[in-house]
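J.: Sequence:
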Amino acid sequence: MTPTFNKVHNRFKFNGIHFNHEDLNEVAYSVIKEGDPYEKEIGNFLIDWLNNDDYLVVMTSGSTGQPKKIKLQKQAMVNSAIATGDFFGLQPGDKALHCLPSHYIAGKMMLVRAMVLGLEIDFVEPSSKPIFNYEKHYDFCAMVPLQLKHTIDYVNNIKTIIVGGSMVTKPLLKKVKEAPSKFFETYGMTETVTHVAVRQLQSKAGDGEPYFKALPNVEFTTDDRSCLIVHAPNLVKEPLVTNDIVDLQSKTNFKLLGRYDNVINSGGVKLFPEQIEEKLQPIINERYIIAGEDDTDLGEKLVLIVENSKESTDHILKNIKELKTLDKFEIPKKIYVIDKFSETTTGKIQRKKTIKAVLSS
Numbered sequence: 012m013t014p015t016f017n018k019v020h021n022r023f024k025f026n027g028i029h030f031n032h033e034d035l036n037e038v039a040y041s042v043i044k045e046g047d048p049y050e051k052e053i054g055n056f057l058i059d060w061l062n063n064d065d066y067l068v069v070m071t072s073g074s075t076g077q078p079k080k081i082k083l084q085k086q087a088m089v090n091s092a093i094a095t096g097d098f099f100g101l102q103p104g105d106k107a108l109h110c111l112p113s114h115y116i117a118g119k120m121m122l123v124r125a126m127v128l129g130l131e132i133d134f135v136e137p138s139s140k141p142i143f144n145y146e147k148h149y150d151f152c153a154m155v156p157l158q159l160k161h162t163i164d165y166v167n168n169i170k171t172i173i174v175g176g177s178m179v180t181k182p183l184l185k186k187v188k189e190a191p192s193k194f195f196e197t198y199g200m201t202e203t204v205t206h207v208a209v210r211q212l213q214s215k216a217g218d219g220e221p222y223f224k225a226l227p228n229v230e231f232t233t234d235d236r237s238c239l240i241v242h243a244p245n246l247v248k249e250p251l252v253t254n255d256i257v258d259l260q261s262k263t264n265f266k267l268l269g270r271y272d273n274v275i276n277s278g279g280v281k282l283f284p285e286q287i288e289e290k291l292q293p294i295i296n297e298r299y300i301i302a303g304e305d306d307t308d309l310g311e312k313l314v315l316i317v318e319n320s321k322e323s324t325d326h327i328l329k330n331i332k333e334l335k336t337l338d339k340f341e342i343p344k345k346i347y348v349i350d351k352f353s354e355t356t357t358g359k360i361q362r363k364k365t366i367k368a369v370l371s372s
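Be aware that the sequence shown starts at 12, since it is given in the working numbering, and climbs by one per residue.
No wet-lab data here; the hints were simulated from the structure. All values reported here derive from a predicted model rather than from experimental measurement. Note that the Cβ used here is the ideal one computed from N, Cα and C, for glycine as well. Treat the hints with care, since some could be wrong.
Stated by the list, open to error - Here are the computed distance ranges between Cβ atoms for each label pair:
hint : residue 1 : residue 2 : range
1    : Tyr145    : Gly46     : 20 to 28 Å
2    : Gln102    : Thr263    : 19 to 27 Å
3    : Ile142    : Gln292    : 23 to 31 Å
4    : His148    : His29     : 13 to 21 Å
Said to hold, decoys possible - Mimicking DSSO-like on lysine-lysine, the simulated pairs with C-alpha atoms at most 30 Å apart in a straight line are:
hint : residue 1 : residue 2
5    : Lys339    : Lys181
6    : Lys344    : Lys364
7    : Lys281    : Lys248
8    : Lys160    : Lys181
9    : Lys351    : Lys290
Could you put together the complete structure from these sequences and hints?
T.: Following this line, the structure appears as structure tokens:
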């Protein structure tokens with residue numbers, strides 16, 4: 012029988028203590044009244060989750076547009092938790108580490124998974140370098156790449172770590188290769204109740220995979236732009252059309268190429284900024300963005316925007332031209348350096364806003 016949102020698994024524990032549905036209400040009111048800001052977020056979420064409404068209002072991250080409020084069905088969130096549990100083989104009594112802010116869907120879903128699957132979840136203060144019991148063995152944890160970067164030397168006792176929210180950089184991938192845990196990059200969004208596909212990264216615990224693999228009860232197709240369409244009836248009623256261009260291998264496997272609204276058409280050549288950015292990782296240490304700028308001859312010319320660079324633009328361009336992995340069309344025609352990129356409240360780069368600020372100045 013499928014669990015429902017108004018039930019709490021009898022094996023669920025929060026910071027080592029068992030709580031039932033009624034107990035959690037008391038905990039929620041207590042932390043709202045007396046807790047730190049990050050604890051109050053948990054309290055607010057629990058109050059919303061435990062009420063009689065069958066939906067939850069959540070905020071999108073704003074990384075690809077303006078943040079907005081959307082309604083998610085609580086049962087869809089339960090279904091997402093079950094799919095994650097099935098995919099990763101999570102069992103009642105397994106231990107989970109929660110180090111994400113509970114204001115956004117990724118943090119909320121860690122709690123939902125624990126309540127639905129009967130996990131024993133430990134919650135620590137969300138930060139770029141979360142501090143937790145490095146000696147304790149955990150079965151499951153979700154992090155953003157920045158958190159993993161700062162804790163990669165301390166996660167050896169975590170069996171499975173999912174990583175999402177932004178790109179996993181090549182320097183981090185190198186460190187992941189030497190770690191004993193299993194790591195999975197996730198694909199999803201608030202509208203799909205977090206991830207609907209994952210891609211295993213190479214580590215000592217497993218081989219890396221080039222393609223994202225669908226979670227249970229999820230399938231994919233593409234539209235005439237080669238953009239991914241998500242079919243997940245247990246999560247969203249209608250097929251969800253994305254702006255993510257993919258190489259679709261099957262109805263359950265795809266390779267992510269880049270966003271449709273980021274594609275640059277330079278002299279008739281289509282360039283994918285995300286792929287070029289990946290190639291530039293070995294030579295640029297600061298954050299950077301590849302963008303297209305209006306050009307009389309080419310339509311759009313390729314430009315590079317670097318945040319707070321310590322090197323001159325001439326030096327950066329020299330290193331870029333020496334890269335063997337870049338095609339000649341992928342070499343920027345101009346380089347801009349700015350002090351600070353626009354960010355969301357969770358530290359994600361607001362790409363469009365940053366580009367607009369640079370090219371319109």
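J.: Does each hint hold? Answer for all of them.
T.: Okay, the hints, checked on the actual structure:
Between tyrosine 145 and glycine 46, the C-beta spacing of about 24 Å keeps the proposed range 20 to 28 Å intact. Taken as a hint, the range 19 to 27 Å holds for the pair glutamine 102 and threonine 263, whose Cβ atoms sit roughly 24 Å apart. Range check, isoleucine 142 to glutamine 292: about 28 Å between beta-carbon atoms, so the 23 to 31 Å window is met. As the Cβ distance of histidine 148 to histidine 29 is approximately 20 Å, the hint placing it in 13 to 21 Å holds.
Using a Cα cut-off of 30 Å, the hinted pair lysine 339 and lysine 181 holds, with the two alpha carbons roughly 22 Å apart. A threshold of 30 Å between alpha carbons decides the hint, and for lysine 344 with lysine 364 the separation of about 21 Å falls inside it, so the pair holds. Note on lysine 281 and lysine 248: the hinted pairing is violated, with a Cα-Cα distance of about 33 Å set against a maximum of 30 Å. As the CA atoms of lysine 160 and lysine 181 are separated by approximately 11 Å, the hinted pair is consistent with the 30 Å bound.
Restraint check for lysine 351 and lysine 290: the C-alpha separation of about 22 Å stays at or below 30 Å, so the hint holds.
Violated hint for the displayed structure: number 7, the only one.
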